[in-house]
Amino acid sequence: MKVREIAEFLGLDLVGNGDAEVVSVADLAIAGPRQLAFFEGSDSAIETDASCLIVPTSFLSQAGQKMHMPDRALIAAPSPKLAFSRVAAILHPKPELLCGIHPGAWIDDTARLADTVSVGMHASIGKGSRVGARTQILPGVRIGDDVSIGEDCVLHPNTVIESGCSIGDRVVLQAGVIIGADGFGYVKEPNGEYIKFPQIGTVVIEENVEIGANSCVDRGALGETRIGAGTKIDNLVQVGHNVNIGRRCVIAAQTGISGSVVIEDDCVIGGQVGFGDHVRVQSGAVIGSQAGILPGKIVRPGVWWGTPIQPLDEYKRQNAHVKGLERLKKEVADIKKRLP
Amino acid sequence: MKVREIAEFLGLDLVGNGDAEVVSVADLAIAGPRQLAFFEGSDSAIETDASCLIVPTSFLSQAGQKMHMPDRALIAAPSPKLAFSRVAAILHPKPELLCGIHPGAWIDDTARLADTVSVGMHASIGKGSRVGARTQILPGVRIGDDVSIGEDCVLHPNTVIESGCSIGDRVVLQAGVIIGADGFGYVKEPNGEYIKFPQIGTVVIEENVEIGANSCVDRGALGETRIGAGTKIDNLVQVGHNVNIGRRCVIAAQTGISGSVVIEDDCVIGGQVGFGDHVRVQSGAVIGSQAGILPGKIVRPGVWWGTPIQPLDEYKRQNAHVKGLERLKKEVADIKKRLP
Amino acid sequence: MKVREIAEFLGLDLVGNGDAEVVSVADLAIAGPRQLAFFEGSDSAIETDASCLIVPTSFLSQAGQKMHMPDRALIAAPSPKLAFSRVAAILHPKPELLCGIHPGAWIDDTARLADTVSVGMHASIGKGSRVGARTQILPGVRIGDDVSIGEDCVLHPNTVIESGCSIGDRVVLQAGVIIGADGFGYVKEPNGEYIKFPQIGTVVIEENVEIGANSCVDRGALGETRIGAGTKIDNLVQVGHNVNIGRRCVIAAQTGISGSVVIEDDCVIGGQVGFGDHVRVQSGAVIGSQAGILPGKIVRPGVWWGTPIQPLDEYKRQNAHVKGLERLKKEVADIKKRLP
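Heads up: the protein sequence lines correspond to chains A, B and C, in order.
Counting along the first sequence from 1, when you hit position 23 you're at 23 in this note's numbering, and nothing is skipped either side.
Counting along the second sequence from 1, when you hit position 269 you're at 269 in this note's numbering, and nothing is skipped either side.
Counting along the third sequence from 1, when you hit position 334 you're at 334 in this note's numbering, and nothing is skipped either side.
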């Protein structure tokens with residue numbers, strides 16, 4: 001790809017040699033010729049051999065003019081990282097890992113696969129399941145009965161989709177993801193034994209969702225567990241039964257979401273957060289890592305922190321008070337001495 | 001199933017049309033004709049099209065009489081949720097997912113399987129292992145050598161049972177569970193390198209246990225790791241080597257249990273709890289989510305919370321004190337001003 | 001193995017019958033004839049039927065002489081546990097689980113395997129991958145394209161190594177481990193949608209590393225994620241993209257390490273610890289379980305605890321102050337009464 005074509009694709013201005021060729025992206029620190037890098041700071045002393053550098057618009061107007069660029073180019077972007085990511089998606093397309101159905105895969109006769117679906121060795125697809133065009137099912141993936149999978153999905157090795165679940169278009173499941181295991185719901189018998197509350201619902205994953213390695217999304221008890229379009233979930237996350245996550249949420253690793261939690265659109269959740277059941281997180285809320293949220297709590301928009309969660313400001317103030325306890329104790333001791 | 005048969009099965013009274021047919025269970029909010037729902041509150045204004053509703057005994061005597069029920073029925077139960085769960089288990093039996101041994105499974109010649117065992121495609125069973133009647137081994141399950149598995153178990157896709165482990169009757173392992181990985185025990189050499197303390201023990205899982213997706217139960221170092229009958233474990237839980245969990249315990253998602261911990265019968269453990277090694281939890285204790293328990297601690301019966309854990313009452317009082325710190329600080333400042 | 005041979009192997013002194021035979025190791029409490037046990041305390045009243053006991057040097061000189069040992073022996077060691085572990089590794093070698101390539105495995109024609117590699121049923125190896133001598137690849141393991149695996153590794157069932165990753169000699173991956181899933185990095189479009197920041201780097205795992213069941217190590221975004229030689233990682237641990245872990249570190253279960261964290265050599269990290277991104281932990285630091293470390297923090301050598309982490313001493317002192325709050329409040333109330 002020529003730098004000129006990259007600038008055109010991004011709809012951005014370039015300075016320098018638009019004919020330079022770029023074949024891959026790289027980190028600024030190690031990028032070499034025929035590579036594209038990006039830069040978000042304002043330091044004017046950039047040394048790089050990259051053939052093309054995406055820089056902040058402000059940088060170009062200030063320092064960029066001074067760079068010596070016989071055979072390379074700068075592209076000015078309002079968000080260099082975003083522009084870089086867009087180009088990377090073109091220069092580094094998802095490899096077409098497979099072509100067609102591997103002879104070592106096992107597909108039930110009643111499953112319906114689009115012509116362009118790939119299925120890897122030792123993958124299996126159950127009765128009545130449907131898979132959309134260009135979806136790639138990698139080795140060892142387990143798809144149960146009556147599962148519906150959209151177009152252009154990538155299911156990494158050894159993921160499991162239990163029967164009856166539904167996956168939208170352009171969904172990516174990293175390796176080892178489990179969709180549709182039974183939720184954790186039991187009722188106590190008078191003799192103290194637990195019997196299972198029915199876990200016969202389903203999971204619906206909307207388009208453009210990505211779920212990280214070894215994460216789990218349980219099926220609804222009676223209804224559904226749903227993950228909204230464009231939401232991104234990291235590794236080892238637990239999503240309980242009947243959880244409803246909105247669109248464009250981001251949830252970091254090892255967070256646990258109990259049953260019937262609702263997370264509205266555009267929330268950002270840190271890692272190792274714990275949600276009690278029936279929590280509702282309102283649209284746009286941000287919850288810091290390791291926070292803990294009591295059952296039934298309504299979390300309003302804003303930034304939240306700690307266990308039990310508080311607004312970040314309060315959390316910081318309280319933390320400062322706790323850190324000041326030694327001094328406060330001393331003050332009280334001094335006062336006592338001065339008392340009549 | 002007729003409503004009359006359901007009431008007989010439960011040994012409970014019914015009011016209304018005992019001849020109504022019920023084919024499935026559903027949530028009260030969406031239940032329709034030929035469905036069974038339940039209701040635990042006391043609100044008298046229930047609108048539902050369900051053909052049968054299980055209600056609290058008190059409700060039936062008060063409000064239920066007024067409901068208009070030409071072609072449906074109410075059943076009165078001391079615990080409607082329990083009664084509902086019992087009926088659901090009959091109306092929605094575990095699907096017989098497989099019949100016989102799939103030709104794509106691989107079973108060692110020396111393994112002994114009861115006639116009625118099902119083994120899915122790409123599952124494998126090692127030397128000398130035994131599997132009891134009606135157990136279902138789903139696709140991609142890995143069973144090592146000399147494993148013993150009881151009757152009526154369900155092993156979901158891609159679970160792994162390493163060699164020498166023992167699984168009782170009616171055990172359910174959700175997808176991706178790992179039983180019998182090596183425990184985490186090392187000894188430091190004088191040069192700073194770690195060598196493995198032997199991890200050559202085993203795992204014993206007693207009858208009626210259920211373990212959630214992607215949870216791990218490590219084998220004992222020299223002895224065994226044991227999970228008692230009727231205990232239910234959620235997803236992504238870590239059970240370390242030589243842990244001994246009693247009967248009828250409930251352990252929520254992402255909790256981590258270090259080596260040699262003992263949890264006695266009938267304990268309830270929240271999610272994301274962390275146990276130091278050699279903790280002993282006495283029978284009937286309840287530990288709140290995200291709690292942390294220092295190594296060697298003995299946890300008496302009662303409700304415990306926080307890190308390090310405290311009785312819930314103390315935890316709440318202390319939390320209130322911390323919240324009141326701002327005010328306390330102000331009081332001290334005021335006192336100082338008033339000092340002579 | 002005769003006790004005399006064991007003592008020679010360890011280079012340690014023995015007292016008693018050097019001709020006694022030992023065939024296996026066992027816990028002191030249950031060890032019987034022809035077994036080896038060890039003992040680290042100073043209690044002089046040991047009752048055991050073990051044929052050989054490894055005891056502290058001091059014990060032998062004091063109490064050991066008095067033991068009645070017609071057909072058994074004591075070996076004196078500076079670290080009995082270490083000596084025991086060394087002998088256990090010889091008496092209980094890793095079973096040679098497999099011999100050769102199972103006919104149910106699938107190996108791409110372009111992969112290059114040493115003659116002595118074992119590959120289990122339903123395992124798969126992609127294009128251009130290389131596997132070193134004596135490495136055991138157990139059933140259901142998924143190895144992508146262009147993966148490099150060293151000698152004497154053991155890859156337990158259903159582990160996944162994505163394309164392009166590199167594994168050194170003598171590495172053990174417990175079941176369900178995922179190496180090389182995409183890291184969690186997205187950039188927000190102006191319309192609020194997230195697009196993926198390129199995750200096209202790799203993972204390098206150096207020699208003698210062990211990783212626990214269902215743990216995940218993400219590939220670098222542009223560069224690499226690296227785990228240094230001799231480091232041991234427990235189950236369900238998350239290692240984010242571009243993390244760099246040094247040599248001989250120990251990381252307990254369910255800890256989460258965010259992107260670009262650096263952990264230098266010889267650190268010890270407890271369970272359920274959470275690292276913000278770009279944290280640097282200096283060589284020799286010890287971090288207690290459930291600690292939380294804010295992004296960008298530099299953790300100096302020493303023992304650290306709590307969220308946000310503090311030196312252990314400070315953490316304890318602060319905890320004591322918080323516990324004393326009820327009393328402090330009372331003191332302030334008393335003072336107020338005594339004010340003029």
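Wrong hints could be hidden among the right ones.
If several chains are the same, the list does not tell them apart, and a pair holds so long as it fits within one copy or across any two.
[Stated by the list, open to error] Think about it this way: if two alpha-carbon atoms lie no more than 25 Å apart in a straight line, the pair counts; the simulated DSS-like pairs of lysine-lysine are: (1) Lys-188 with Lys-329; (2) Lys-188 with Lys-337; (3) Lys-337 with Lys-323; (4) Lys-316 with Lys-297; (5) Lys-337 with Lys-297; (6) Lys-329 with Lys-94; (7) Lys-94 with Lys-2; (8) Lys-81 with Lys-2; (9) Lys-81 with Lys-94; (10) Lys-94 with Lys-188; (11) Lys-2 with Lys-329; (12) Lys-330 with Lys-297; (13) Lys-127 with Lys-188; (14) Lys-323 with Lys-94; (15) Lys-316 with Lys-329; (16) Lys-330 with Lys-316; (17) Lys-81 with Lys-329.
It is worth saying that the hints were derived from the structure and are not from the lab.
Note that the coordinates shown come from a computational prediction; the quantities given were computed from them, not determined experimentally.
Results for each hint:
no. : hint                 : result
1   : Lys-188 with Lys-329 : neither (49 Å within a copy, 43 Å between copies)
2   : Lys-188 with Lys-337 : neither (59 Å within a copy, 53 Å between copies)
3   : Lys-337 with Lys-323 : both (24 Å within a copy, 23 Å between copies)
4   : Lys-316 with Lys-297 : both (21 Å within a copy, 17 Å between copies)
5   : Lys-337 with Lys-297 : neither (45 Å within a copy, 39 Å between copies)
6   : Lys-329 with Lys-94  : neither (61 Å within a copy, 59 Å between copies)
7   : Lys-94 with Lys-2    : within (21 Å within a copy, 55 Å between copies)
8   : Lys-81 with Lys-2    : within (19 Å within a copy, 63 Å between copies)
9   : Lys-81 with Lys-94   : within (19 Å within a copy, 48 Å between copies)
10  : Lys-94 with Lys-188  : between (49 Å within a copy, 20 Å between copies)
11  : Lys-2 with Lys-329   : neither (68 Å within a copy, 65 Å between copies)
12  : Lys-330 with Lys-297 : neither (38 Å within a copy, 30 Å between copies)
13  : Lys-127 with Lys-188 : neither (35 Å within a copy, 39 Å between copies)
14  : Lys-323 with Lys-94  : neither (50 Å within a copy, 51 Å between copies)
15  : Lys-316 with Lys-329 : both (20 Å within a copy, 16 Å between copies)
16  : Lys-330 with Lys-316 : both (22 Å within a copy, 17 Å between copies)
17  : Lys-81 with Lys-329  : neither (50 Å within a copy, 46 Å between copies)
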